[in-house]
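Could you slot chains E, S and C onto chain R? The hints should help.
Number of protein chains: 4
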Amino acid sequence: MSKSTERTELYAVADFCLIPMGTGEPSVGEYIAECHKVLERSGLPFEMHGYGTNLEGPWDQVCKVIGDCHAAVHGQGAPRIATDIRIGTRTDKEIAAGTGNDGKLKRVQEILARETTRA
Amino acid sequence: MSKSTERTELYAVADFCLIPMGTGEPSVGEYIAECHKVLERSGLPFEMHGYGTNLEGPWDQVCKVIGDCHAAVHGQGAPRIATDIRIGTRTDKEIAAGTGNDGKLKRVQEILARETTRA
Amino acid sequence: MSKSTERTELYAVADFCLIPMGTGEPSVGEYIAECHKVLERSGLPFEMHGYGTNLEGPWDQVCKVIGDCHAAVHGQGAPRIATDIRIGTRTDKEIAAGTGNDGKLKRVQEILARETTRA
Amino acid sequence: MSKSTERTELYAVADFCLIPMGTGEPSVGEYIAECHKVLERSGLPFEMHGYGTNLEGPWDQVCKVIGDCHAAVHGQGAPRIATDIRIGTRTDKEIAAGTGNDGKLKRVQEILARETTRA
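Chains as they are written, first to last, in the UniProt record's numbering: chain R, 1 to 119; chain E, 1 to 119; chain S, 1 to 119; chain C, 1 to 119.
The hints are simulated quantities; they were obtained by calculation from the structure and are not laboratory data.
Among the hints, erroneous ones may be present.
It does not matter which identical chain is used: a pair holds within one copy or between any two.
Below 30 angstroms or equal to it, Euclidean Cα-Cα: the simulated DSS-like pairs (lysine-lysine) are [to be verified]:
#1 K93 to K64
#2 K93 to K106
#3 K106 to K37
#4 K64 to K106
#5 K64 to K37
Just chain R, with the same shape it has in the complex (with noise of 0.2 angstroms):
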């Protein structure tokens, strides 16, 4: 049907969950904070919150701070990761650069600030 699209074109809207595994302690803080300064020197927009952190970017650059992460976190003695990436991406708008996750959260919130004043 139509046009056809490069991977290389794709802006990814994503959210990823790293987890450490045969670490010898229940608790990952250490490794998500390594994460974050990984994730902070790559110049993405992202933002973590309770279970995972939002992130976007051009396709390739999405996966490879990803990528990133679990070899910082392995470096940190870390000898297997197991990470959950939730990834989508759209042809039929444009998504202005760092707008696709904060844009998908207030869509929601202005439908729902509608209905209340309907009320």
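Using the frame of chain R, we list chains E, S and C on its own:
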């Protein structure tokens, strides 16, 4: 290996991302707003972010509420729904109700703050 | 927009990947074998693959069994567990019990076979 | 602690579930069949199951191929796509190319077989 645990005693710290399918339009804000209302009625602590919703409570209640969101979104007209759930439990420490996701985030922030102070 | 659906009527087609944390060793086969036994006792259709387990049944039963897996793995000594669940429901067609995941796979295989024949 | 790891050296054992959105119809088999072709062209080992596809290879290649699936599915007309990826790496042992997901499954089956023999 020690004492056994019952599912019904497990406190679940979770995050879920619900995706309506076959809706004819790519935007899903209206459906997610509907989930927000279901979550509010549940009384469980929750917080939406850009790519999902933090949620926590007893295992069975958390699962029940997410199922109620599916029912509500089907009621809004979505013929199919695919949800990704991240759900965690732990037996090494007691989690005070409503502090699970928040506590994880705060611990990472404390580690980062401590390191900044030290530097 | 139409008729409502109840959560308790929903048939869930799911897949989950359970990750024991803080176990001191990176291998988790023993814990997953324990889950296998819990799944067998449940009577629900399931099938393990390389990165998780297909599972289906009524919504509440699917969630209950995964919770029972958490309880069993905690009983084996894992102090913390993080699970990723993919769970889907649909109201556009009836799914005969036990055919949900298999049916999806078969449909893709049929499409591919049809195209090969045509070529 | 110890030696560092580079992202570019990481071997990733993964599983992904791609969900086309806004397609107007709940069935997605045609899109998933398209992904199958992209995966075949990639040369990476993969295997579809009822709720996703096992896939493995060097980190960057695995991510690239999933991105190529997004591009192909957009090319088929889907305006929006949401994918869930589970991706794991380990430094405690070498994984022979193509044996990561299979090896995990076999290990669980061996444990179960051993226990049955013992009983």
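Could you figure out if K64 and K37 sit no more than 30 angstroms apart (CA to CA) within one copy, between two copies, both or neither?
The answer is both: 14 angstroms in one copy and 24 angstroms across copies each meet 30 angstroms.
Using 30 angstroms as the alpha-carbon threshold, which applies to K106 and K37: within, between, both, or neither?
Answer is both; intra-copy 27 angstroms and inter-copy 16 angstroms each pass.
Treating 30 angstroms as the Cα threshold, decide for K93 and K64: within, between, both or neither.
both (24 angstroms within a copy, 22 angstroms between copies)
Reference check for the pair K93 and K106, CA-CA at most 30 angstroms: within, between, both, or neither?
within (16 angstroms within a copy, 34 angstroms between copies)
Have a look at K64 and K106 and pick one of within, between, both or neither, based on CA distance no larger than 30 angstroms.
both (27 angstroms within a copy, 26 angstroms between copies)
Checked against the numbered hints listed earlier, the structure breaks none of them; every hint is satisfied.
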